[in-house]
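Trainee: Letter by letter, the chains look like this.
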Amino acid sequence: MSKRRPPATAVEPTPESTAALLRELVAHLRRNRTQLREEWARRITESRLLTAMTREEIFAEATSVYDNYVEVLETGSVEALQAYARNLSERIIPRGVETHEVLGIVLLLRDVLARSLFKKYQDNFALLNAVLDAYEPAANRIANTVAVGFVQERERIIRQQQEAIRELSTPVLQVRDRLLILPIIGVIDPQRARQLTEQLLRGIRSNRAKVVVVDITGVPSVDATVANHLVQTVDASRLMGANVIVTGLSSEIAQTLVTIGVDLGKINAVGDLQGGIEEAERLLGYKVLMVGESPVSVPERGK
Amino acid sequence: MRVPILKQRDYLIASIQSALSDEDLLQLRDDLVEQTGRYRSRGAIVDVTVLDVIDSFAVRTLRAVAHMISLRGAETVIVGIQPEVAFAMVQLGLTLEDVATALDLEEGLAFLDRRIGGAAKHA
Numbered sequence: 001m002s003k004r005r006p007p008a009t010a011v012e013p014t015p016e017s018t019a020a021l022l023r024e025l026v027a028h029l030r031r032n033r034t035q036l037r038e039e040w041a042r043r044i045t046e047s048r049l050l051t052a053m054t055r056e057e058i059f060a061e062a063t064s065v066y067d068n069y070v071e072v073l074e075t076g077s078v079e080a081l082q083a084y085a086r087n088l089s090e091r092i093i094p095r096g097v098e099t100h101e102v103l104g105i106v107l108l109l110r111d112v113l114a115r116s117l118f119k120k121y122q123d124n125f126a127l128l129n130a131v132l133d134a135y136e137p138a139a140n141r142i143a144n145t146v147a148v149g150f151v152q153e154r155e156r157i158i159r160q161q162q163e164a165i166r167e168l169s170t171p172v173l174q175v176r177d178r179l180l181i182l183p184i185i186g187v188i189d190p191q192r193a194r195q196l197t198e199q200l201l202r203g204i205r206s207n208r209a210k211v212v213v214v215d216i217t218g219v220p221s222v223d224a225t226v227a228n229h230l231v232q233t234v235d236a237s238r239l240m241g242a243n244v245i246v247t248g249l250s251s252e253i254a255q256t257l258v259t260i261g262v263d264l265g266k267i268n269a270v271g272d273l274q275g276g277i278e279e280a281e282r283l284l285g286y287k288v289l290m291v292g293e294s295p296v297s298v299p300e301r302g303k
Numbered sequence: 001m002r003v004p005i006l007k008q009r010d011y012l013i014a015s016i017q018s019a020l021s022d023e024d025l026l027q028l029r030d031d032l033v034e035q036t037g038r039y040r041s042r043g044a045i046v047d048v049t050v051l052d053v054i055d056s057f058a059v060r061t062l063r064a065v066a067h068m069i070s071l072r073g074a075e076t077v078i079v080g081i082q083p084e085v086a087f088a089m090v091q092l093g094l095t096l097e098d099v100a101t102a103l104d105l106e107e108g109l110a111f112l113d114r115r116i117g118g119a120a121k122h123a
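These protein sequence lines map, in sequence, to chains D and E.
In terms of the working numbering, the first sequence has 51 at position 51, counting the first letter as 1, and numbering is strictly consecutive.
In terms of the working numbering, the second sequence has 41 at position 41, counting the first letter as 1, and numbering is strictly consecutive.
Treat the hints as calculated values from the structure; they're not laboratory data.
One should not assume that every hint holds.
[Claimed, not checked] Quick partial rundown of chain E residues pointing at chain D, CB under 8 Å, derived from the structure:
no.	residue
1	Met89
2	Val90
3	Gln91
Cβ atoms here follow ideal geometry from the backbone N, Cα and C, with glycine treated the same way.
Taking the hints into account, I'd like the entire structure generated from these sequences.
Mentor: This is the structure:
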């Protein structure tokens with residue numbers, strides 16, 4: 001795509017002539033604003049980009065981008081465009097607009113404008129070359145700025161969400177003297193697994209726990225890494241003098257663990273959380289006694 | 001630095017005070033095993049609270065201590081492994097299998113009381 005400057009042209013591009021050409025270019029783009037904008041919006045719809053947005057929205061955004069684009073060509077300063085790109089990304093990312101779409105529309109605009117230049121200067125090849133020399137670097141810079149702005153915004157959102165997940169992460173709860181439970185919900189990645197273990201070990205020390213029930217009912221799947229981490233957690237807890245009971249292993253997870261051959265000999269597994277807590281109480285020497293008959297029905301008590 | 005070993009009723013308590021060289025560890029092993037016989041101890045506690053690194057040599061030595069002491073008819077319990085140390089150890093695969101561990105000295109004593117007191121009662 002990129003056009004090398006031909007060795008000999010009638011118009012030698014000097015900084016002044018480049019500036020003059022850009023001025024002329026901007027004037028041309030301003031003059032044909034309506035028509036070029038429509039052409040661009042049409043091409044966007046044609047290429048099935050920005051399908052998450054309505055035609056009117058596309059046209060409105062296209063107008064803003066077009067004006068920003070021309071302004072950057074005129075002033076050479078991308079700051080306003082950067083701010084706009086950030087703002088645009090903030091608005092469209094939640095609606096599911098993908099990176100390739102954003103990049104696609106900017107490249108489309110670049111092509112639409114280039115076509116109009118070809119048409120305008122088709123009689124004067126040397127001048128066309130000079131105009132493209134002035135136009136292309138600026139246009140590429142714009143495409144670059146918008147794409148980078150979009151990707152940065154996405155990354156910012158991802159970071160924010162990771163932070164949120166980490167904060168929602170797992171509590172270590174004491175349910176009896178010396179008995180902790182650690183209910184794990186959601187996907188465990190290596191980083192989270194590590195964090196969980198650290199939290200648990202600190203919890204063991206600060207609560208002087210003897211038994212820990214790790215409940216993984218809420219964990220959708222377990223791979224070899226996570227399984228090994230589970231084993232490590234059990235071992236590390238034992239080094240600190242605490243027994244670990246793992247509960248809530250679903251049949252799928254049990255199958256996976258056996259298939260991938262994780263050494264589970266050391267893991268004390270109990271079916272569900274209730275069973276785990278009962279087993280823990282047994283280990284700690286608790287005995288739960290039911291005192292008297294339980295009320296026949298709860299509503300009666302409320303009368 | 002030689003690790004002080006305190007005799008407390010039927011138990012020996014080796015309270016590590018600073019980072020140990022390999023020689024110190026071997027010395028500790030020999031002292032503990034020897035004193036187990038001399039004092040007719042029923043149990044030994046090794047307190048590693050101050051250690052912020054427990055490497056493979058230390059783990060091997062601690063296991064050796066436990067096995068030797070059990071051959072001399074007593075129980076061993078390692079106490080005071082810190083969370084970070086515990087995690088680092090399992091990542092290196094040093095899990096101190098078949099050696100009893102407890103949270104701290106108090107827990108270690110309670111553990112030995114349970115194990116040895118229980119055995120005495122049943123005997």
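Trainee: Now tell me if each hint is right for this structure.
Mentor: Hints and how they fare:
no. : hint  : verdict
1   : Met89 : holds, 6 Å
2   : Val90 : holds, 4 Å
3   : Gln91 : holds, 7 Å
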